[in-house]
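*Asks:* The listed protein sequences correspond, in order, to chains V and F.
First residue of the first sequence: 1, per the numbering used here; consecutive thereafter.
First residue of the second sequence: 1001, per the numbering used here; consecutive thereafter.
FYI, nobody ran anything at the bench for these hints, they're computed from the structure.
Treat the hints with care, since some could be wrong.
Restricting the straight-line Cα-Cα distance to at most 27 Å, the calculated cross-link-like pairs of lysine-lysine (DSSO-like) are [unchecked claim]:
no., chain 1, residue 1, chain 2, residue 2
1, V, K57, F, K1056
2, F, K1106, F, K1056
3, F, K1109, F, K1042
4, F, K1106, V, K11
5, F, K1056, V, K15
6, V, K15, V, K57
7, V, K11, F, K1042
8, F, K1068, F, K1042
9, F, K1068, F, K1056
10, F, K1056, F, K1109
11, F, K1071, F, K1109
12, V, K11, V, K57
13, F, K1042, F, K1106
14, V, K57, F, K1042
15, F, K1071, F, K1056
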Amino acid sequence: GAGVSQSPSNKVTEKGKDVELRCDPISGHTALYWYRQSLGQGLEFLIYFQGNSAPDKSGLPSDRFSAERTGGSVSTLTIQRTQQEDSAVYLCASSLRENYEQYFGPGTRLTVT
Amino acid sequence: GESVGLHLPTLSVQEGDNSIINCAYSNSASDYFIWYKQESGKGPQFIIDIRSNMDKRQGQRVTVLLNKTVKHLSLQIAATQPGDSAVYFCAERAYRGGSEKLVFGKGTKLTVNP
């Protein structure tokens, strides 16, 4: 079956511009997660959605970062006024049960010039 | 502070040898652990998981061992193959920022030499 998909796969933007990253989770998965991975580093939790509950935003690094999940499926991560330190791979994952086995997408590589 | 980390950032083995990748965790309340494999340019891929009420769990060519006494987790890969070359992450389910979430270590890069 289809896995988690993300788009775009690569995004180059100028400092100060806004970007939107998209995630399509596995159908039927109620939990959706966003992580950030800098070069050679582990995964940094950003935000997660579980069903209709309020999202856990505790990992968002600043108010320039926001995310929404429409209709319990597709999610968009928005970064406003991008900075060079935002350059990283942004990974999305979904799971059938909250905080159990997560299935990851291929990621979006964001480069801020 | 609490953390999930790995003893060795890199590991190099010969094809056919067994590999052991280690992970230390500091949260004794963590009840669930996962190992992920991440190949270059791809997202992490689930390998195997283990609950805290178990000491050992086996999959295909992989075994995860959990030692709660010393808070240590290891991933053993039997007869390592070139396709096993990747970065391996352990993750624990723990409370962070007021809620339960998976916390990932920094990863160990495994290189399999032919």
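*Asks:* Look at each hint and say if it fits the structure.
*Replies:* Evaluated hints:
As the CA atoms of K57 (chain V) and K1056 (chain F) are separated by approximately 34 Å, the hinted pair breaks the 27 Å bound. Annotation: proposed proximity of K1106 (chain F) to K1056 (chain F) holds, straight-line Cα distance about 23 Å (limit 27 Å). Note on K1109 (chain F) and K1042 (chain F): the hinted pairing holds, with a Cα-Cα distance of about 14 Å set against a maximum of 27 Å. With a C-alpha separation of about 24 Å, the suggested pair K1106 (chain F) and K11 (chain V) falls inside the 27 Å cut-off, and the hint holds.
With a CA separation close to 48 Å, the supplied pair K1056 (chain F) and K15 (chain V) exceeds the 27 Å bound. Distance check on the hinted pair: K15 (chain V) and K57 (chain V) sit about 24 Å apart at the alpha-carbon level, within 27 Å; holds. Between the alpha carbons of K11 (chain V) and K1042 (chain F) the distance comes to roughly 16 Å, so the proposed pair stays at or under 27 Å and holds. Simply put, K1068 (chain F) and K1042 (chain F) have alpha-carbon atoms about 31 Å apart, too far for the 27 Å limit, and the pair is violated.
This hinted pair checks out: K1068 (chain F) and K1056 (chain F) have alpha carbons roughly 11 Å apart, not beyond 27 Å. In summary, the hint linking K1056 (chain F) to K1109 (chain F) is supported, as the alpha carbons are separated by about 23 Å, within the 27 Å threshold. A threshold of 27 Å between alpha carbons decides the hint, and for K1071 (chain F) with K1109 (chain F) the separation of about 21 Å falls inside it, so the pair holds. This hinted pair checks out: K11 (chain V) and K57 (chain V) have alpha carbons roughly 23 Å apart, not beyond 27 Å.
Distance restraint check for K1042 (chain F) and K1106 (chain F): the Cα-Cα separation of roughly 16 Å lies within the 27 Å cut-off, and the hinted pair is therefore satisfied. Note on K57 (chain V) and K1042 (chain F): the hinted pairing holds, with a Cα-Cα distance of about 25 Å set against a maximum of 27 Å. A distance of roughly 14 Å separates the Cα atoms of K1071 (chain F) and K1056 (chain F); the hinted pair therefore holds under the 27 Å criterion.
When the structure is compared with the earlier hints, violations turn up for hints 1, 5 and 8 and for no others.
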